[in-house]
Every structure is written in structure tokens, then in C-alpha cells.
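**Q** Knowing the structure of chain A, use the given hints to seat chain B on it.
So the protein lines, in turn, are chains A and B. The first sequence begins at 1268 in the numbering used here and counts up one residue at a time. The second sequence begins at 1268 in the numbering used here and counts up one residue at a time.
Read the hints as simulated data drawn from the structure, not as lab findings. It should be emphasised that the depicted structure is a prediction, and the values quoted were computed from it without experimental measurement. It cannot be assumed that every hint is accurate.
One copy or two, either will do: identical chains are not told apart, so a pair holds if it fits within one copy or between any two.
Unchecked claim - EDC-like mimics (lysine to aspartate or glutamate), calculated; alpha carbons at most 20 Å apart, straight line:
1. K1772 <-> D1379
2. K1540 <-> D1613
3. K1435 <-> D1750
4. K1520 <-> D1565
5. K1667 <-> D1679
6. K1470 <-> E1747
7. K1667 <-> D1701
8. K1383 <-> D1782
9. K1684 <-> D1866
10. K1634 <-> D1671
11. K1612 <-> D1866
12. K1466 <-> D1308
13. K1356 <-> D1308
14. K1466 <-> D1311
15. K1621 <-> D1866
16. K1383 <-> E1685
17. K1470 <-> D1311
18. K1621 <-> D1865
19. K1466 <-> D1826
20. K1778 <-> D1750
21. K1470 <-> D1308
22. K1383 <-> D1779
2 protein chains.
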Amino acid sequence: MRFHLGLKAALAVGAFCAQCTAQTYQRLGSCPTLGCILPPDQADFLPGQYFDIRVEVHAPLNGSEVIPGYTNPDTNFTLTIARDGQTPKAAASFFNVSEPTLETWNFTWYEDLFAKAANTPSQVRVAAKAYRHVALYQPGNYIATLNYRNGSATYANWTVRDIAPTRKAKNVVMFIGDGMTTNMITAARLIAHHQINGKYQSKLAMDSFPVLGHQMTHSLDSYITDSANSATALYTGHKSTVNALGVYADSSKTSFDDPKVETIAEIFYRLYKGGVGIVSTAFIADATPAALTAHTRDRGQYGAVIDSFLNGITNYTWTNWSGPDVLFGGGAEQFYPGKGSFQGKDYYAEFANKNYTVVQNNTILQKSSNSSKTLGIFSVSNMAKWLDRNVYPDNLKIAKTAPDGSNGTATDQPGLKEMTIKALEILHTRHQQDGFFLMSEAASIDKQMHTLDYDRALGELLELDDTIKATLSYLESIGELNDTLVLVTADHGHGFDVMGNVDTKFLNAQKDDRDKRGAVGTYQNSGLSQYLVANRSAPVGSDQNLIYNAGVNFPSNWDPRYTLYQGLTANPDHRENYQVHKTGPRLPALNITGFDNDDYYVNYVDAVTGFIVNGTLPVSADQGVHSLTDVPVFTRGPCQEQFGGVYGNIDIFFGLAGCLGLSRTSHP
Amino acid sequence: MRFHLGLKAALAVGAFCAQCTAQTYQRLGSCPTLGCILPPDQADFLPGQYFDIRVEVHAPLNGSEVIPGYTNPDTNFTLTIARDGQTPKAAASFFNVSEPTLETWNFTWYEDLFAKAANTPSQVRVAAKAYRHVALYQPGNYIATLNYRNGSATYANWTVRDIAPTRKAKNVVMFIGDGMTTNMITAARLIAHHQINGKYQSKLAMDSFPVLGHQMTHSLDSYITDSANSATALYTGHKSTVNALGVYADSSKTSFDDPKVETIAEIFYRLYKGGVGIVSTAFIADATPAALTAHTRDRGQYGAVIDSFLNGITNYTWTNWSGPDVLFGGGAEQFYPGKGSFQGKDYYAEFANKNYTVVQNNTILQKSSNSSKTLGIFSVSNMAKWLDRNVYPDNLKIAKTAPDGSNGTATDQPGLKEMTIKALEILHTRHQQDGFFLMSEAASIDKQMHTLDYDRALGELLELDDTIKATLSYLESIGELNDTLVLVTADHGHGFDVMGNVDTKFLNAQKDDRDKRGAVGTYQNSGLSQYLVANRSAPVGSDQNLIYNAGVNFPSNWDPRYTLYQGLTANPDHRENYQVHKTGPRLPALNITGFDNDDYYVNYVDAVTGFIVNGTLPVSADQGVHSLTDVPVFTRGPCQEQFGGVYGNIDIFFGLAGCLGLSRTSHP
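Chain A with its partners taken away, still in its complex shape:
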């Protein structure tokens, strides 16, 4: 699936595997042997958290793993579970569920890039079972053992963490800056906060949080994660696989039978009927919001994701769910009836039928009642960017993103701050007793880094920070600040940094690409940021002369002569002139050889005064990719002391769930 220009470009889902054309070399990432247990070895559980178990036995028919004579997988495999020091029991008996039906299927994979190039897939036959909707209540270590093929065994060591069921926070507000790194935070501070002789005169709101941590984002089966995989870790405490939402990925054909793990939203609702808010600047079926309620291996099942927001999981017994209090974002194409919506249904109507107030622009949003459940869908696809809404508003008149499906424009969109504060008002009104969990995502930090649109990405980050500041202020105004754990983090990074400045006047005056590079200034020649120096000769309100109220920290000039020399560590072919892209979000690379050929070159209409930079990514890539780096975690409020130092992304789930009192050491 590839998109190219205008609206379609804006729809491009950054992390989606469309550009993953290089080597695949794992039969099933979670299963290096021929017997597979999911949840796999090293999985951790919250006491009382529901999950499914999938076991698979593989028989490779060809390729490097063939066992001569073993072409049909053993169907007499057994799974046992034992708590530390106790006698193993058959899984069905241990969990007191019926023995599941045997399932069989086949799948194929490529062992490496040579096999892929030669189109010689390896085939595998599978025998499998699934034990569904089980839980472990007693803290401690467990071992799951899969016996198969006459003495072969796969083991999974599981740990149920010893987390007290005591609730310490009434509310949790979790901000996710999608793709946000420390490097980006540093750059955003530079362009929006004044310094004098090197000393900042103000800092970001997140800078002032008392506790700082780093989370490691390594996923189950790859060291680079996507947002589905990492959101699953953050919300469930279980690391998973690229593209997977709230499940471990199995090898079966359907993407709706993979073994599920219960999410923080589901547990909070099950135990407390607490309020849940989901806010994102992405299309709302996108991975980071989706992973709170969806359970599918394929994040691309957008329609089903929307149905899960409203109805929960319906094809298997699972946690009851009656929809969040608040669901705000973009992605109208999954709501108005048509090929984008689940079963072609009108999901505006589906939500309205369940007593949701449905709003489609900021004006109505701000006037709507705080006592109703509310669905706010403000555009087709991802919502407009802060830079376009605030500095280049004419760009909102270009894309036909009206949320009502009318093919009109969506010029009255709220920002993350407006959506988040309204969400808090509703959650506070509806859940004064039982508290709330709000996830608010600045999605387009990631999306704009993907397309090398650094200015727009940093604008989104500053909007996130402005939202955090407004949130603290609002929580204080309603007397909830001390009872609310506020956590700001990311789900993964992009390899971004700032290395100096660029004299764009000099660059634009040079003809030769090598000469243009001479406009770059490093070390002492980086000088000072010019983004807060308004151009007094520019017209009032222009992008070179912006005026904000005191304490509002955004650049006063997005188009200074001396801009940031900034970039990514992984690029498609593109051109750089280091100037703001005034006519709308950037599209750095283009397939100039044919529409479906995945052969990307420099977009000849992008950054035309710049010099050409050849990429290092596969030529099938039209945008940047995620990176490895640990990402920061800023925390304040009850339980803040648990979030310092360096830990895994799953520890965020356990910290939040523990603070909300979500563990249960016996069947409720």
C-alpha cells in the first residue's frame, strides 16, 4: 500500500510494514524452536490480568530447518503449567477451562533476502491450540511446558509480579509523544525558549517534572519497534511484534484469532468502571489509540479497530467494554459509511445509538456538554498540524478532509490542547468518584519526522508541551492535581538531531550542490537560535513576525535566515534546503518511474533550492524509519518515584497499573 500526493500522502502510516522490503529471517519471531508458546518465555503478568495462550507445533517442509521424515506436525502435543516448586498440571485443568480444539494450517516465509529475491519461500505445517481468557493470580514464577514430537520441549518462564492491589492514584494522564526523543525535545526547547548567554530563561513543561526515566523499546522479536508493538507493551505489559495490537502474533492466517492480553483501559473499566479517554491527532484507528481496546495482529484493520472502541472484542469471550467516555481524533473515513468503515456501517450512527454526543469541529466541541460520552472526529485521516493550523492556515483549505464525508475541507479543527482539556472536563464531570485514565497522543511528531518535515514535527512537540502545561493547570483548578499521576513518554524514536545552523540566504545564492553545503555552520558558527527573533520588517502576523501571549512558547519566526541544520540518520533520497515547508506537509521522495514500483527518488518539487542527499534506506522507502534509542519518561504525581532510572517499556504498564490498584490476587 503506497500513497503519493496530497491527501493520500497525508494518510501514509509511518511505521507500516509496506517499506520493509529487506530481509525476513525469522519463521515466527517469538518461536526460534519448532514448538511455540505465547505468551513466550520471560513474559510478565499483572496479578489477575486476562490473557489467551497459543501453542503451535511447526513442521518445516523445506528450507534450513527441515527434519527429514517429519512433514506433519505432532498433533499430540501437550501443554502443562506449574507454579514454582509445584507439580505441573495440564493447562486446561490448571486454568479450569475446556481442552481447546486442535487447529491446523500452513504458512510460508523467506529465510533471507537471497531466498526472497529468488522467490523460494520456506513452507511450514502447523498444529495448534488456544486456551482463552485465563489469568494468573498468585505472584511468583511459573513455567509453561510444551511437549511435542517424542521428547522435544519448549519452555516459557512466566512471572506474575508482586504488585499490591492498593490504589494510590485516582487518575492517570498518559501523554505519548509518538516517536519523540530527547534529541527532539532539546531542539524544540531551542526554538521556543529564550536563553541568555547559554542559560534558558524558561523551560519546557516536561523539563520541570521531578522524575526522569528512560524506557527501552526493544520488542519481542526485533530491536526496532513500530507504534502498535510498543503501544501494546505500554498498555498491557507484554512486548509484542510489529503491527500487533494487544496480542501476541501467531502464524495463523486470520489476524483476529491471535492470543490477546488485557489492556490497562480494559482492566480499569472492569474493576472500577473508571472513566477512559482516548485522544490523538492521528486518525483515531491508528496504532497508539487503537491498542487500548483492539486485539489484532494487523494494525491495518482500521474498521475493526473502530468497532472495538465501541463494542470491545466480540468474537471471543473477553472483558466487557461499553466504549470510552471520550474518543477524539481524525480518521473520519472509518466512521462515515463506506469502504473504510467496518462492514460498511455508519459509525457516527453506531456511536450516537449508544448515547454518544458526536461532534465534528472545534466550535461545536467547545460548546458540547461535559456530562455525555463524546465522539469527536475532526478530519479524514490525520488531523491538521499545529504549524498549518496556526501559521499557515490556508493549507487547511487545500485537503478535502471534512469529517462528514462531504469532500469539503476541515478548517475548524481543534488542537491537541483543546481536545485534551475538553476530554479532562468530560472525564472529571462523569467520574468524580471513580477517577479516570486519559491517553493523549501527539501523533504527528512521528508522522512529520517520517517525512523529514522537522519544523512540523517540532511544532507538534511544542503543542504537546503546551498541552501538558494546560493540563497541569486545569488539574490544579479542579483540585485533582495531587491525585493524578501525569506521565509523559514516547513509544520509540527517530534518529534525529540538530548539528548547527544554515545560512539559507547563502545557500540559496549558490548554484552548485557542493557550494550549497558551505552554508552549514557548526560549533561556534551555529551561533544562537533565530526562531525567537521576530523580523520587524515583516508584516504583522506573518511567519516571520508572530506574536504570542506571555508564557506561550512557540517560535516567533519560522522562516529566519539562519535555520537549524538538522536531520535524520535514515533517509530516502531527498533534497535539503533547511527551510520551513510553507505550502503544507513535506513529501521528500517520489516514485518517478511508475506508480506501484516502489523505486523512490528525490521529489523534484520539494526543497527545490536545496542540494540532493542520497538516502541509505532501501530505494523502496519514501520516508524515514524508527530508531533504537531509549526514550524519556517524565513523571509527576502519586507513584512518581517508580519511574526514575532505566527500565523496559513494559514497566510503564506495571507502574501505572500498580498505581491505579489494578492487580487482583484472586478471582474477583
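**A** Then chain B, alone, in the frame of chain A:
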């Protein structure tokens, strides 16, 4: 100054301004007006810390700042100082020093790249004074006022921080990973620590420190710092200028009269006669070690730096200094008599004459007494890298870096761990009562990132972590762990990250550059790190089959088929094949058009199987450059609670100095 191959390349000083060919646009960075006060506005001081004051009055003769008729600077300027709410006093009277002599000079600068290209410098005439060796004792706010030219005034608001003189730590060990970022730490963990299903089975030593912070490295007059500038901030609490060591840079011709600020080592020695150790894998005159005792605007004054280690500052009255207890590193060319050494003297003899034990290899180092002051210089230039010492030791037989100046090789070099533990043994032996301050620098994280030699850089980072682990263990063994504040940080970053993997076999099998890029795997195709999977068919001890003792965390295989897809955000022209450089440190770019022409292209003998990547840096750059990102601070021990959250690099000085009890609220 440019170097090209072999030893000379190894000598290249990363951050030096040789490659800063782009715009200069500040007359004097700390002085945007025509009257200059150093320390400038916003400077912070430790109570009782000595410093010099420089005031300058500028009269531009041409360029954009000319004032018609004002061609000679006002020589009747006055400087006053006032504590908050008190009457200003003339500076000489306030500090009870003699009124300084008036000085005058001229200097020139370029206003921008166009002026530089046209060779049209702007000229400035200067009148100046310096008030030397003064201090402020009472915490609070002060204002320095420079009145000049009939009513013009420049103000500097100074703050003496309210820091109690109580000593809380007996010892401080400060580790500096030069250029080390969170991203690099994440990558080093990936290649040296096992994970199972995404969960690390061990972590880095620094990961386990209880308190994490981020420091902002923005310098006085540019947002990108070099290591001199940042070391000055870390050791003195004063932000400075690129290339400046322990001074604010003024505009005078000599680099030995700039206004000084007292360093943590100097204060600790002055107040407690405490032990001081200085350890680095760089040539020891390099910026990070140098800034503990040197006071010069020009970090390139290597000989004078060495003299300052031994004799302190001799051209002005300054803190008495009799040399550190330990000085270990490279840079023999500043010690044996010759053009590299200060005044051509033999500094081995100079140190020996002051009762230093002088050692030149690891064998002798390990046997030498712990009761003597010790100078250990183990190679010409920067010391050998961990990867070469441990995996490719034959590379040590190539460079003629014998520390005795014999033009032999230096094959018996200690690593950072050996130097650091020996330093601790000496410091502990000599300073059981008064405690010690040790700075230990992993210098070549930075140096190898500069040359895009990611493997060597990560090897250095892992050696740093191994050194930290050994340090904690040693401190515990001598009963000093609980009395020692251990702090691990960096001085700046490089824009580095890991984005996936590379199938080097596939890459090497492709002929076309665009096809080679198809070997890159991202997201799920990054798979798992192969650096801990030894190649069982490789010879024992080869770089594909390395065996370490349990708990020693380095890669088992530096040359796996699937390597890291990694890179920097700022590059010269170069080629990438993503394989380890087996024959010695990398040299990515080369001047193929002439020796002094600063016109760099891809080095045709580097990474020859790879594809070409054109850089974004000026073509005069042969290596990468520093970046903006906040860098991490890991702390454990007394006062650890002061180092959480986000703060400036100068706050590290104030935290360390406060913990060591270095403030004095009255003249001693």
C-alpha cells in the same frame, strides 16, 4: 590544520574549529552590544570561587555596526558592582584590588558568509581592562554595570548561589563519556547484553544508577558546544565559548590573558589539599582533561596545557597548584622534548623533578607504587581503542606511537579500566583522610563517532561501562562506596542512532549502489542483534568467536552477517558497508584534490564494498560534528538526589562542588 593518514589522522582533534568554515556572525559572542562584561549577564558563581573580570568597549570601524564619528573606543569607561539593593561601587573598590591598566587592541571579524567569501572583514578597535583574582562570597544577586560612551551601559546580572559549605561526600568520581548520548548507550547495550523475547537479561552498569538526569549543553554564544567549552561548564559552573578552557574568551590577540574561572580541581585542592586524578584515553592535553587546570581561550595550546597540569597558572596570580596525584593518558608528543612540548622542554623530566613516578606502559603501571604521584603517558596522540587492543591487536603494531619518542610502537597500553582502577588505588592510598576527585574520560567515544567508526565508538562506550562496574566494585572493596559520589555523564552529543540491520552478505553480493541499499532491514526485519551470537565455525579467538568471562559484557562477534544499520545525522561524503573496520580506525573522507584544499570526497579505500553517501556538511569537513541533544547524567552516592530531572551543564559543577563542601561565604 588538517591531517590525513595513519598517525596524523589519529591525531585529528574532533571538535577543533578547523572545519568551521561556514558563517561567523558574532563580533564577540558574549557581547551583542558595544560594551562587554565577562563574566556576562546570567553568570552564576559558587560562593568564594575565584574569577577574573574583563571589560571591553568596542568601536567598529566598518560594517553594519558602525557609529558615525565613533572610531576610537571610549577609554573613560567605568565598571561598578552592586549587591542587590545596595549602592554600586567602583569595581576596584568593591573587590579591594588596584585599578587595572587600560589596554587597547584591534580585531577583525566577518559579518556573514558573503563577507567572508568577498574577504571584507569588519574591523573593531577595543579599549579594555581586567580585574583579576576576585571572588564573591555572599549568596545573592549582583549587578555589574559598564558605563561608556556618554550614557551607554551594559549590565550583567550575576548570581552567587546559596550553597552551604557542608561537605557531604568524601570523594567524587566523575566519568565523562565524551560525545556520549542516550542513543549510543542504547546501541551499546544492544550489542553486549543478552535479551530474551525483548527483555534484557542484564543491563549496563550505568543503567542501574538510581538517579537519571539530562543536562542541556547550550554554550554561552552558540547552541553547539565543543569539549573545551562544555568541560569548562562542567568544572567551573561557567558556560563559555568553543575552544575555551577555564576562561571566558575575550577579543584580545593573546590566548593567555582571557578572564579565568576557578575549577573544581583547583578549589578542592585549595581548600582541602584533596587528591586529584585525571585520566583520559585521549592525548592528555586534550580539552576534557585540560579544562581541570588550564586557562586559555585556545585549546590548541597543548604544551601550555601540560605545563598547567604540573605548575598551574604562572603568568598571573592564581590558585596555588602543585600537580595532580594522577595524570594518565596519551599525548607523549607534549612530553618528550621537541616542538610539541612547552618551550621544547622534557616534561617527563619536569614531572620526575617534582617527585612523580613516570610510567610508559601498562606492565610498569600495574607494578608501580600506589604511594607516589604518578604520570602515565602510554602513547603518542590518542591511545589505542578498545577494539584494537582486544580484538585486532595487530593494529597496535602499525602506528609509531611509542610514548618515549623512539618512533617505535606502543603495544602495551592500558585501557580506561586499568588506568582508572590504578588511579583509584593511588588516590585512596594518598588521600584516605582528605578524599579525592577523579575525572575519568572515555575520550574516543567522541573521536570514533567523528570518523563514523561506530563499532570502535561503541567499543569505547562498553569499556567505559566496564570501568564503571569495576570502579563500584573497587570502591566497595575499600569501604569507600557510600562516601563517594559517582557521576557518569557526557559533554555533548553526536546525532547517532540505530535504525535496523544490514545483511552484509546480500549487500556485498550486489553491484549497484541502489541495490546495495536493499540489504537494509527495518522494523520487524531488524530482527535480533547478532553481536552476541558467536560463529562456531570461526577460529577460536577470532573476531567472530570471542569468549569472555561471565559478566563481561562485550560482543562475541564484531563481524556478524547481520550488522547494525546505524549512522549519524551529519556526515562528510563517505561510503557505507556497515561492517567493522578491521585494519584500524576509520578514515571516511579524503582530500583527493590537493593537500591543503579542504575539499573532501569519499575515501576510496574505506568501506569499498559499500555504497556512496554524499554528506550534508561543508565539503571542507572530513568528519562528523557535535550535536545539540541533551545528554544523560547517571548518579549514585551522596547528593544523588540533586541530579534528577533536566538542568544545565553548569548545574553539575554546582552539585558536585556543593557535595564536596567547596563553597565559602567569607574570605578564607
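**Q** With reference to the structure, classify each hint as holding or not holding.
**A** Going down the list of hints, with the structure as the test:
no. : hint            : result
1   : K1772 <-> D1379 : between (48 Å within a copy, 10 Å between copies)
2   : K1540 <-> D1613 : neither (27 Å within a copy, 79 Å between copies)
3   : K1435 <-> D1750 : within (8 Å within a copy, 34 Å between copies)
4   : K1520 <-> D1565 : within (11 Å within a copy, 66 Å between copies)
5   : K1667 <-> D1679 : within (13 Å within a copy, 70 Å between copies)
6   : K1470 <-> E1747 : neither (24 Å within a copy, 37 Å between copies)
7   : K1667 <-> D1701 : neither (41 Å within a copy, 73 Å between copies)
8   : K1383 <-> D1782 : between (42 Å within a copy, 14 Å between copies)
9   : K1684 <-> D1866 : neither (39 Å within a copy, 49 Å between copies)
10  : K1634 <-> D1671 : within (19 Å within a copy, 81 Å between copies)
11  : K1612 <-> D1866 : neither (37 Å within a copy, 63 Å between copies)
12  : K1466 <-> D1308 : between (49 Å within a copy, 10 Å between copies)
13  : K1356 <-> D1308 : within (18 Å within a copy, 73 Å between copies)
14  : K1466 <-> D1311 : between (44 Å within a copy, 10 Å between copies)
15  : K1621 <-> D1866 : neither (47 Å within a copy, 69 Å between copies)
16  : K1383 <-> E1685 : neither (48 Å within a copy, 48 Å between copies)
17  : K1470 <-> D1311 : between (37 Å within a copy, 18 Å between copies)
18  : K1621 <-> D1865 : neither (43 Å within a copy, 70 Å between copies)
19  : K1466 <-> D1826 : neither (24 Å within a copy, 44 Å between copies)
20  : K1778 <-> D1750 : neither (60 Å within a copy, 62 Å between copies)
21  : K1470 <-> D1308 : between (43 Å within a copy, 18 Å between copies)
22  : K1383 <-> D1779 : between (40 Å within a copy, 18 Å between copies)
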